[in-house]
Structures are given as C-alpha cells and as structure tokens.
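Under UniProt numbering, the first residue of the sequence shown is numbered 1, with each subsequent residue one higher.
Calculated directly from the structure, the hints in this document are not laboratory data. Note that beta-carbon positions come from the ideal geometry of N, C-alpha and C, so glycine has one too. Some clues are possibly wrong.
[To be verified] Think about it this way: if two alpha-carbon atoms lie no more than 30 Å apart in a straight line, the pair counts; the simulated DSS-like pairs of lysine-lysine are:
1. Lys234 - Lys439
2. Lys234 - Lys81
3. Lys192 - Lys234
4. Lys192 - Lys97
5. Lys606 - Lys580
6. Lys79 - Lys97
7. Lys339 - Lys352
8. Lys552 - Lys476
9. Lys234 - Lys262
[Stated by the list, open to error] The following label-pair restraints were derived from C-beta to C-beta distances:
10. Phe397 - His375: 16 to 22 Å
11. Val178 - Trp286: 27 to 33 Å
12. Gln142 - Glu263: 23 to 29 Å
13. Ala359 - Trp286: 31 to 37 Å
14. Lys388 - Leu143: 54 to 60 Å
15. Lys390 - Asp174: 38 to 44 Å
16. Tyr187 - Asp252: 35 to 41 Å
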Amino acid sequence: MSPFSVTNFRTFLPTGCPTNLLYFYSISFLITTSSLVYSLPATSSARNASDYVLRNVFENQDQCYKDSFVYVKDVDAGKSKLFTTYPTTKECSNRLKLNGKLVRRIFQFHYEEASDLPDKLPTCPPGLVDLEVIPAYFGLSQLSYPYANLNISVMAHSPVDTIAFRLHCLHASDGSDVYCSDLKDMYINGVKEWPCRAIQLSTKVQYPARFSYACFRLTSYSVYAINATVLPQKCRVTTIVTAPRFEELYPDMLVDPSISKKEIATKDPFWAPMIAVDFSDENAIWIRLGKAPRAECDTINVNVYKEHDDDSEKVNFVAALSIKCPETAIKWENQKAGKYLLSAYVLIRGCKFICEPNARGCTQCFRTHLNLVIHETRASLTWLTVQKIKDYGLEIFLAIVSILSIGCVVVIVAVIVFLHKKRQEANRVQEIRLSDFVKTMLVYADDSELHTNCVKHLVDNLRHCSTVEPIFDLEKLITAEQVVPSRWLIEQLSTLQKFIIVISDCAVRILDSEASETHHLVQSRPFSDLFGPAMDIIIGDATRRPEEARKKYAIARFEISPEVPANLAILRLPTFILPKDFSRLTAFLHSLDYGETFNITSNISKCRLDDWALAIYRTTIFTRENPNWIDTRWKPKDEQDVMNLKRETPVTFTYSNEEGRIAASKKFNLIPPKEGSEVDEVEEGEISQKEASAPDDETAFLIKPPALDDISDSDEDEEEDQGSNTIVAL
Numbered sequence: 001m002s003p004f005s006v007t008n009f010r011t012f013l014p015t016g017c018p019t020n021l022l023y024f025y026s027i028s029f030l031i032t033t034s035s036l037v038y039s040l041p042a043t044s045s046a047r048n049a050s051d052y053v054l055r056n057v058f059e060n061q062d063q064c065y066k067d068s069f070v071y072v073k074d075v076d077a078g079k080s081k082l083f084t085t086y087p088t089t090k091e092c093s094n095r096l097k098l099n100g101k102l103v104r105r106i107f108q109f110h111y112e113e114a115s116d117l118p119d120k121l122p123t124c125p126p127g128l129v130d131l132e133v134i135p136a137y138f139g140l141s142q143l144s145y146p147y148a149n150l151n152i153s154v155m156a157h158s159p160v161d162t163i164a165f166r167l168h169c170l171h172a173s174d175g176s177d178v179y180c181s182d183l184k185d186m187y188i189n190g191v192k193e194w195p196c197r198a199i200q201l202s203t204k205v206q207y208p209a210r211f212s213y214a215c216f217r218l219t220s221y222s223v224y225a226i227n228a229t230v231l232p233q234k235c236r237v238t239t240i241v242t243a244p245r246f247e248e249l250y251p252d253m254l255v256d257p258s259i260s261k262k263e264i265a266t267k268d269p270f271w272a273p274m275i276a277v278d279f280s281d282e283n284a285i286w287i288r289l290g291k292a293p294r295a296e297c298d299t300i301n302v303n304v305y306k307e308h309d310d311d312s313e314k315v316n317f318v319a320a321l322s323i324k325c326p327e328t329a330i331k332w333e334n335q336k337a338g339k340y341l342l343s344a345y346v347l348i349r350g351c352k353f354i355c356e357p358n359a360r361g362c363t364q365c366f367r368t369h370l371n372l373v374i375h376e377t378r379a380s381l382t383w384l385t386v387q388k389i390k391d392y393g394l395e396i397f398l399a400i401v402s403i404l405s406i407g408c409v410v411v412i413v414a415v416i417v418f419l420h421k422k423r424q425e426a427n428r429v430q431e432i433r434l435s436d437f438v439k440t441m442l443v444y445a446d447d448s449e450l451h452t453n454c455v456k457h458l459v460d461n462l463r464h465c466s467t468v469e470p471i472f473d474l475e476k477l478i479t480a481e482q483v484v485p486s487r488w489l490i491e492q493l494s495t496l497q498k499f500i501i502v503i504s505d506c507a508v509r510i511l512d513s514e515a516s517e518t519h520h521l522v523q524s525r526p527f528s529d530l531f532g533p534a535m536d537i538i539i540g541d542a543t544r545r546p547e548e549a550r551k552k553y554a555i556a557r558f559e560i561s562p563e564v565p566a567n568l569a570i571l572r573l574p575t576f577i578l579p580k581d582f583s584r585l586t587a588f589l590h591s592l593d594y595g596e597t598f599n600i601t602s603n604i605s606k607c608r609l610d611d612w613a614l615a616i617y618r619t620t621i622f623t624r625e626n627p628n629w630i631d632t633r634w635k636p637k638d639e640q641d642v643m644n645l646k647r648e649t650p651v652t653f654t655y656s657n658e659e660g661r662i663a664a665s666k667k668f669n670l671i672p673p674k675e676g677s678e679v680d681e682v683e684e685g686e687i688s689q690k691e692a693s694a695p696d697d698e699t700a701f702l703i704k705p706p707a708l709d710d711i712s713d714s715d716e717d718e719e720e721d722q723g724s725n726t727i728v729a730l
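Take these sequences, add in the hints, and give me the full structure.
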C-alpha cells in the first residue's frame with residue numbers, strides 16, 4: 001500500500017457533548033475549591049513548612065516512564081497509594097471498563113462495575129490536559145539497530161482521577177509494523193485491544209502532573225492515532241502521527257555524538273520532520289512537527305492540498321503554512337470537510353519542494369506526507385459565513401437582486417401612492433374663515449422713510465387681508481396723548497400673543513452687541529426708537545421658553561433686507577420673506593399650519609401686492625443710489641443729534657388746502673388722521689379756536705403739547721429719553 005493512501009479516522013475524531021462538559025466543570029470546580037481551601041494556611045495555628053514544599057513521588061523502574069512526574073506536599077510524601085500505574089494493555093483496559101458510573105463522595109472517587117466507555121467522547125476543554133507526541137531516538141546497541149519510539153506525554157493542569165492513552169494503527173506501508181498486524185497477543189478475551197497505558201492519581205496530588213510513556217515503536221510511513229482519555233471528566237484528546245523514512249528523520253550526522261555542532265552547521269544535512277496533527281481545538285487543527293534534537297532550520301514549511309470529491313488523483317493547493325524555528329507547531333484554521341494531503345519539508349541548501357523531470361542542478365527536499373479525512377468542517381463562524389457566500393454566490397446574488405427589485409417596486413408604488421394622495425389633498429381646497437382678529441405687534445427699526453413706508457404696507461395688508469389687528473407705534477404713540485413709550489412697550493410685550501420682528505439694515509446694527517456699544521440710531525421721531533429694548537425682552541423670553549417662542553414670535557424680512565443675524569437665527573424662529581410669504585405669515589398669526597408642503601393662499605389683491613412691491617423697489621433704488629445712507633442714521637454715541645421739541649408752545653404749521661396738510665404730515669413724519677375720526681374732530685375744534693387769530697384763507701395744523709400734569713415731570717421725561725432705537729407696530 002502506498003504511503004499516500006487516505007487515512008480514515010472517523011472513529012477517532014472528538015465530538016462535543018454539553019452535558020459532559022458541564023459535568024466536568026462541576027467536578028473540577030469542587031475539587032479545585034476544596035484543594036485551595038485545604039492548602040491555605042490557617043491564621044489561628046502554625047503550619048509546618050512541609051505543607052508548602054512539593055516533592056516528586058513518581059518512581060518506576062521501567063525507563064519508559066522516565067519523563068513522568070507527580071508532585072505532592074512534603075507532608076503527604078510518605079503516604080501510600082498516591083498514584084497507580086497500569087503498565088499493561090490488559091490492566092489499562094480493565095481500568096477503563098470500570099468507569100461507566102461515577103459515585104462521588106467528598107474529595108474521594110469510587111467506581112462501580114459498568115459497561116466500557118463509548119468509542120466517541122467529547123473533546124476535553126482547553127486547560128484540562130495537553131497531549132504531546134514527539135519522536136525519541138535510540139541508537140545502535142548489542143541487541144538492536146537504531147530505531148525510534150513515540151514519546152507520548154499527557155500533562156494534566158487540573159484535578160483528574162485517571163489518565164489513559166491508546167495507540168491505534170490507522171495505516172501501515174508494509175507488514176513490519178507490529179501494531180498494525182493481526183497478532184494473537186493483541187487479543188484479550190477474544191477482543192482486540194489496542195496498546196494502552198494508564199495512571200490513577202490520588203486526591204493528594206498537586207497539579208500540573210505529567211504521565212509519559214516512550215516505548216511504543218515508531219515505524220516509518222505508518223499512521224497512528226493516539227487517544228488520551230481523562231476520567232472522571234470522560235473526555236478525550238486525539239493526535240494523528242506519521243513519520244518519514246528513519247534515515248530522513250534521523251540522518252547519521254545528526255545522531256552521531258562524535259560529530260560537532262560546528263561540522264553539522266557546515267555540512268547542513270537534509271532531513272524531514274515527523275507530523276503530528278492535534279484535534280483538541282474544535283475550530284482548528286494544530287500541526288506539530290518533530291525533529292532530531294540537533295537538527296537546524298530557519299523555517300519548516302507545510303503545504304496543504306485538497307483532493308477533488310469526484311477524483312482522488314487530482315488535488316488543489318489550499319495553503320502554505322510556515323513555522324519559524326525553533327517553534328514546532330502552527331495552527332491551521334478554517335478547514336472544510338474533505339480529504340486533505342499535508343506535505344512537510346525543510347528548505348536546506350537551496351533544495352526545492354519539487355523538481356522538474358529534466359531540471360539540472362535541482363535538489364529535492366526530503367518530505368513527509370500525511371493524508372487526512374476531515375468529516376466535519378472545523379472553522380469559525382465568520383469564516384463559515386464567508387464560505388457560504390462563496391459557495392452559493394450566484395444563488396445569493398440572484399436572491400439579493402430579487403429582494404432589491406421587489407423592494408424598489410414597493411418603494412416606487414408607495415411613492416406614487418403618496419404623491420397621488422398629496423396631489424389629491426393639494427387639489428382639495430379648504431377654505432378657512434378667519435373670524436377672530438389677532439392682535440399682533442410689529443417690532444422694527446426706524447431705518448428710513450422708505451423702509452417705514454414698506455412696513456406701513458405690511459400693516460395695511462395685515463389689517464385688510466389677514467384679519468389681524470396690527471399694533472403699530474406710529475398709530476399708537478403719535479395719535480394717542482399722554483402715552484409713555486416705554487410703559488406702552490412693556491404693556492404690549494406682556495399682553496400680546498403674536499409678534500413680527502422686521503429685519504433691516506439698522507436692525508442688524510442694533511442687534512450687533514459690539515456695534516451698539518459705541519453707536520446708536522439717531523432719533524428722527526418725537527419718541528425714542530424702541531427696537532433695542534423690545535429685542536432684549538424678546539430674546540430673553542425665547543431663550544427661556546424656546547418651544548413656546550417659536551409659536552409666538554416670527555421674523556419677517558423684505559426681499560432687499562439683509563439675512564437674519566446669527567444671534568437671532570440661533571433661536572430658530574419661523575422666518576418669512578415678504579411679500580411672497582405673506583400667506584404663510586397669515587397662517588402663522590392665526591396658529592394654522594404654515595409649512596412649505598401646504599399651498600396657502602390669501603385674499604390679498606394684485607393691486608395691493610403691486611403697491612407693496614413698488615414701495616420695496618423704491619427702497620432698493622434709494623439704497624443703490626445712496627450706499628452710505630446708513631451713516632446718517634447710525635452714528636457714534638458721543639455725537640448727540642436728538643430731535644428737541646419745545647413743550648411750552650405748540651408747533652404750528654399753516655396750510656390752505658389738503659395738499660398742505662399732507663405736506664405737514666410728511667414734514668413731521670405723521671400719518672394724516674382718517675376722516676370722521678375723533679382726532680379730526682378734536683383738530684377741527686382746535687383749528688376753529690385759532691381761526692380768529694389766523695388769516696381767513698389759511699388753516700393751522702397743530703401738534704398739541706402734552707398737558708402739564710404729573711405725567712410730564714422730569715422723571716418721565718428721562719424715562720422717555722432713555723428709550724432705545726426700536727419701532728413697534730402692528
């Protein structure tokens with residue numbers, strides 16, 4: 001049979017059992033806890049030094065066990081039955097057959113007669129035991145030629161009761177391997193028993209403990225499975241081993257003690273390693289390589305090939321693993337189930353893994369081959385996911401495309417339905433009758449006469465087209481008598497529910513805290529501008545109650561006005577550009593939905609919009625022709641330029657017709673009183689009283705000074721003069 005024949009080790013692969021693992025952890029935890037409790041020194045009494053000194057008590061005349069050790073406390077060293085070895089296959093097999101049931105007493109293990117252990121046991125968990133298999137060289141003697149044995153060692157790191165290992169022959173190249181032959185000596189009571197060795201440990205043993213046996217013969221090209229069984233945990237670790245030709249594993253130069261290391265390094269003989277495949281890791285395979293003690297190398301290479309499922313003569317290259325000396329093991333991760341071929345070799349003196357038939361000067365390296373059959377995929381979850389995607393890439397791609405196509409169709413249909421629904425809603429006209437007049441105050445700065453005219457159009461349109469009662473300072477502070485502007489401002493801010501903040505060039509200057517420290521807006525009307533004080537109160541209120549402020553305050557700016565300054569924009573108040581957003585502003589004032597998704601219309605006429613647009617256009621022309629116009633309004637505070645009105649005598653302006661009256665209104669920045677109003681009646685009465693002293697063809701227009709009562713004292717005069725540059729209107 002060829003050394004490349006397939007090795008089937010289905011029977012020897014470890015399997016996992018959650019129940020057994022839980023059982024093992026429970027036993028180990030109790031034993032470890034008890035050993036720790038009994039090993040800690042008591043604080044109440046003195047302890048002998050022998051309680052802490054460990055002694056190796058393993059003694060056996062058989063040199064096969066020479067690498068074993070068992071440590072106990074010095075105080076327990078003289079006690080008997082610290083360990084028991086089972087040096088024959090019959091004794092070892094009988095010991096394993098007594099382990100069907102486990103009866104545990106406190107810190108002692110007793111076993112009852114039961115059936116033999118099953119062929120398949122779960123893999124021992126990490127940290128319990130380590131199984132190591134290395135070659136051991138025995139030189140020429142009077143009794144035999146040089147040969148090699150398997151040195152099998154099991155290191156226990158946690159409390160166990162019994163450690164046993166069996167040697168199974170999986171394949172032999174010829175009949176020279178005694179373990180692979182069908183000898184009568186391998187039968188016990190008519191049943192073939194593979195070579196077995198075991199050790200039973202007392203509860204006094206300290207860990208780690210090692211059980212080693214180095215007398216199983218290693219035959220070239222044979223393949224062995226070494227199964228180490230641990231009791232009472234009832235778990236197992238498995239290693240598959242094969243070796244090259246004896247002369248390749250142990251060249252004469254490497255085993256001859258008369259040859260120095262220097263000469264070995266100079267000649268650098270060719271050699272090949274022994275391969276041991278460890279299956280203790282459920283998600284990977286450890287490849288361990290054995291060599292002669294004096295064998296030198298830089299790296300040991302392992303090529304991995306996978307056979308085709310339908311043709312065993314064809315293989316595919318899978319991976320190239322490299323082990324850097326002096327390391328002797330490498331973890332081979334993520335393998336799919338199937339048949340594999342491992343080839344291990346060492347690059348020495350420029351040798352190659354394979355030489356072409358006609359190649360000259362090519363030296364082929366010594367190689368060791370091992371055929372494996374992996375029945376279950378051993379890989380991480382991530383790797384399995386990636387492999388599934390690779391294996392079923394086309395199916396997954398088609399499934400994803402189908403899902404995306406269906407999703408796109410669903411989204412498109414949903415969008416069409418949504419747009420159709422919105423269009424139907426947009427086509428449905430909902431007429432809302434604005435029956436309640438909303439009192440709304442306009443907060444603006446007195447930029448110029450043209451800008452004030454734009455604000456007047458806003459006031460007029462709100463009054464006639466939006467069912468709004470504007471609170472406009474030019475109407476309230478000039479026409480009304482004995483009104484203190486500051487008190488009037490506080491009263492409006494505390495009682496009204498809607499406010500419109502009009503942004504303009506001077507308003508931006510006033511809101512700039514740095515600019516306002518050195519400059520101010522020059523007064524051009526009989527009362528101080530109230531924009532600054534009003535904005536201080538509004539900003540404070542909006543900062544304390546931002547959600548309520550967004551329902552109470554609105555920002556309006558004309559198309560020619562500057563952007564909303566940052567210190568006001570941060571409040572995120574609703575902003576409207578006039579006149580195009582006049583309908584949305586109306587909806588806001590009446591607490592209706594004013595979002596851009598709503599198509600809101602109002603009954604404002606085209607004539608009004610044209611007049612409003614004309615006023616804005618005139619303001620644009622003025623600012624374009626007078627780029628420095630704001631310098632006449634925004635001056636340093638040290639330049640006092642305040643309108644002074646004589647309070648002792650009325651200001652008189654005579655006019656003879658209606659044009660003269662309009663001219664007087666423009667000169668004094670006043671709105672002509674409406675016909676039929678009480679103000680007209682009062683003025684007509686006052687004018688009639690002056691007719692006696694005035695010429696018959698002239699009419700006197702008077703601005704009546706305030707009455708000289710308690711309100712006109714010096715304190716109130718100071719209060720009016722301290723009003724800031726702000727205009728409030730509605």
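Quick rundown of the hints versus the structure:
1. Lys234 - Lys439: violated (90 Å)
2. Lys234 - Lys81: holds (23 Å)
3. Lys192 - Lys234: With Cα atoms ~22 Å apart, Lys192 and Lys234 stay inside 30 Å; holds.
4. Lys192 - Lys97: holds (14 Å)
5. Lys606 - Lys580: holds (12 Å)
6. Lys79 - Lys97: holds (27 Å)
7. Lys339 - Lys352: holds (25 Å)
8. Lys552 - Lys476: holds (22 Å)
9. Lys234 - Lys262: violated (49 Å)
10. Phe397 - His375: 16 to 22 Å: Because 30 Å falls outside the window, the suggested range is violated.
11. Val178 - Trp286: 27 to 33 Å: Holds, since Val178 and Trp286 (Cβ atoms, about 28 Å apart) stay within the stated range.
12. Gln142 - Glu263: 23 to 29 Å: holds (28 Å)
13. Ala359 - Trp286: 31 to 37 Å: holds (35 Å)
14. Lys388 - Leu143: 54 to 60 Å: holds (58 Å)
15. Lys390 - Asp174: 38 to 44 Å: holds (42 Å)
16. Tyr187 - Asp252: 35 to 41 Å: This hint holds: roughly 39 Å between Cβ atoms.
When the structure is compared with the earlier hints, violations turn up for hints 1, 9 and 10 and for no others.
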